[in-house]
Amino acid sequence: MKLKMLKNGNYCKGEKQHSGREILMAMGFFEEDLVQTQVNTGGEKQHGMKKSLVRKVKWAVAAACSLCLIGGGVVFAASRLKWHVEKYVDTNDPQPDYSRYWVDFSITPVPVDMIQGSVREVENIFKEEAANGIYPPDGCPRGFVMEEFETEREAIDYIGYEGLRETMLPDWKNWHSQLVAYGDKEGNLIQVRYSNSYKVGEKIQVQTNVEIFTENWSSEIRSVKMPFEDRASIQGKEYITKNGKTGLLMVSDSDYQSDICCQMEGFILEDNIVYSIWVDFNGSLDEKSGVAEEAVTKVMHDWMDQF
Amino acid sequence: MEDEEIVALLLSRDERGIDELGKKYGGRLLQLAERILPAPDAAECINDTYLAVWESIPPRSPQYLFAYTAKICRNLALNRVEWNQAAKRNAVFVELSEELGHTVPDLSDGISRQELAKAIADFLNRQTKEQREMFVRRYWYGETVKELAQEFCCRQGRVKSILFRLRKGLRKELEKEGIV
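Here the protein sequences come in this chain order: A and B. My numbering applies: residue 1 is where the first sequence begins, and numbers increase by one. My numbering applies: residue 1001 is where the second sequence begins, and numbers increase by one.
If you're looking for bench data, these hints aren't it; they were derived computationally from the structure. Fair warning: there could be bad hints in the mix.
List of simulated lysine-lysine pairs, DSS-like, C-alpha gap at most 27 Å [claimed, not checked]: (1) LYS1146(B) x LYS199(A); (2) LYS1146(B) x LYS298(A); (3) LYS237(A) x LYS199(A); (4) LYS1118(B) x LYS1176(B); (5) LYS185(A) x LYS1129(B); (6) LYS298(A) x LYS237(A); (7) LYS173(A) x LYS203(A); (8) LYS1146(B) x LYS203(A); (9) LYS298(A) x LYS199(A); (10) LYS82(A) x LYS245(A); (11) LYS298(A) x LYS173(A); (12) LYS127(A) x LYS185(A); (13) LYS203(A) x LYS1168(B); (14) LYS203(A) x LYS237(A); (15) LYS242(A) x LYS199(A); (16) LYS173(A) x LYS1146(B).
All of these numbers come straight from a predicted model, not from anything done at the bench.
Based on the provided sequences and hints, a complete structural model is requested.
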């Protein structure tokens, strides 16, 4: 085995784990300001909720502002779902050679009073903050998170919007749920989003999302996705469900994810609610175009066929 | 109590400074140590950290008290790791060293840890705030991909993607600097 001696007298065996160890040890010399960056993040739970989403939303807003259309455009329109691929330009990102896609949802924002569950209590918190002069940073909504639901049904009851449906399939195992309510500067409810993460067998991870946009929502209703290195690798496919509804599947053949050999995202609209699903297949690359793609597609279709 | 007040207590050699430090950051420090060491060793590591803080302030007067204390804690914990005894290493930390080692498998001869740290820090300082924070939280604080996904409100796949891209970028940077 190859041995190397570092200047400080430590030996590095040339094995992967040993060079990893050296990097971990070396990072002990980082300046404190670099390490301090995350100290103030992460909120404490307050009455079963924690306030922590402002930053995430800020990124989304900032990312949307920095998007610049370079040769993009509508590539495919599945009834009320349209997707675009655009060159991603972010002045803060030193590696600008990425593309990203977004999906526009043609839905009508719903009156807030159609949301009748306990989630409305969040408005009191938002409005109290506003009354006390506590405002989110410019361009950011207020945000609260709740993660204490055992089942989808509990979350649906908590939201209290008629027509909201459960979408978990029988063989899925739930391991994390999160409900987020967003408010505007004045404290009005603008969006409710509920996410569930599931494991399907050994290699598949699923995340489903439900989004309800209220009448107070003031910008485009869309979903902007992460950058991809190769825009040609992003494809949108229409899927007609067994009940004749139209869904959209976004297939992204990204090669920079170390252990995800196939991933797809799906969207379907119902009763002015946006339902979406993300499916990852964690496996070896030789499974990519065979087992993985087939398995992920089946999960997507099974999920959409419920609508 | 504000950090400045805790530092003032320590600078005046008032032991309440350590009590207040423990009250404010003890939980986070223990969490950090437990990501590197088994529980009993982590608890000892925290005591050693408080002692080191007590002995170093004064003369030091840190601007960032938590980062200063966490850095001591992390370094003490890493120095206690018995790398050759799997049972005495925390699985999370083994995972981290493997992730980094897979990306940067072969460091050049004669590179000091200070030089390596500077190159990594320079690289991180050119990334976006989100990317930098994700890297530091993963590889400095040892947070799991699941924790990061929850904190950054995104899918685990996105966290993995960002980290993978950062490691790939770091490798290029280290190659350019002649460190790999």
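### Task
Could you tell me which of the numbered hints above are not met by this structure, giving the numbers in increasing order?
Structure breaks no hint.
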